[in-house]
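Each chain is listed here by its residues.
2 protein chains.
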Amino acid sequence: MEIKRNGSQLSSKGPAEWFTGTVRVDPLFNAPAPARVGGALVTFEPGARTAWHTHPLGQTLIVTVGSGLVQRNCGPIEEIRPGDVIWFAPTRSIGMAPRLQPQ
Amino acid sequence: MEIKRNGSQLSSKGPAEWFTGTVRVDPLFNAPAPARVGGALVTFEPGARTAWHTHPLGQTLIVTVGSGLVQRNCGPIEEIRPGDVIWFAPTRSIGMAPRLQPQ
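Top line first, the protein sequences correspond to chains R and S. Residue numbering for the first sequence follows our numbering, beginning at 351 and increasing consecutively. Residue numbering for the second sequence follows our numbering, beginning at 351 and increasing consecutively.
Source of the hints: derived by calculation from the structure; they are not laboratory data. Since the model is a prediction, treat every value here as computed from it, not as a measurement. Check the hints yourself; a few may be wrong.
A pair holds if it fits inside one copy or across any two, identical chains being indistinguishable in the list.
To be verified - The calculated lysine to any residue pairs, modelled on SDA-like cross-linking and capped at a C-alpha distance of 20 Å, are:
id : residue 1 : residue 2
1  : K354      : G389
2  : K354      : R386
3  : K354      : G433
4  : K354      : E367
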């Protein structure tokens, strides 16, 4: 049993090659093999967004605070709000951004 | 891109063979193969606890609210609080419970 206490993992700034604007990444976990999953708390300031990118094993978003916009490839832009859970299937290009105006 | 909206997934009561006391399980996600990960929001009322159990691929807890107690096999009982992240490696017996007295 390994406990990572609140505050024991350093926050980092989302790197410019992955994000536009101010993004904070707070690591949560990276399960060792044979698990292949990791998770982080990612906080977007208004106007921040990801670059278009892919996830070879897919990605799940769980919205905890605020509201934002997500899109996959050329699909519709969808608004997301706290409690929404978003699944991106593997390998297709996705992007996300918070709403510019808080609701 | 699949969006499960807040409120669209039914809560369930934690089954008696897995839990003692009142536990609510709110499903979040179950990623399809080749992913092998799933997540849920599990809420323990005071005094509730899990039965001893195992996780073949391990389990990560992310404490969001309250405080509780966790133990693995005959190891120490550890108190956990919001923001703590707990990793249980695969297959060993674990249990967890909230603290009886809110802090």
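- Query: Quick one: K354 to R386, C-alpha cut-off 20 Å, is that within a copy, between copies, both, or neither?
  - Reply: This pair counts as within: shortest intra-copy Cα distance 19 Å, inter-copy 23 Å.
- Message: Within a copy, between copies, both or neither: which one fits K354 and G389 at a CA-CA cutoff of 20 Å?
- Response: Classified as both; 13 Å inside a copy, 19 Å across copies.
- Message: My question is about K354 and G433: at a cut-off of 20 Å on alpha-carbon distance, are they close within one copy, between copies, both, or neither?
- Response: between (24 Å within a copy, 9 Å between copies)
- Task: Evaluate K354 and E367 at a C-alpha cut-off of 20 Å and name the case that applies: within, between, both or neither.
- Result: Close neither inside one copy (28 Å) nor across copies (29 Å); limit 20 Å.
Hint 4 alone, counting from the list given before, is not met by this structure.
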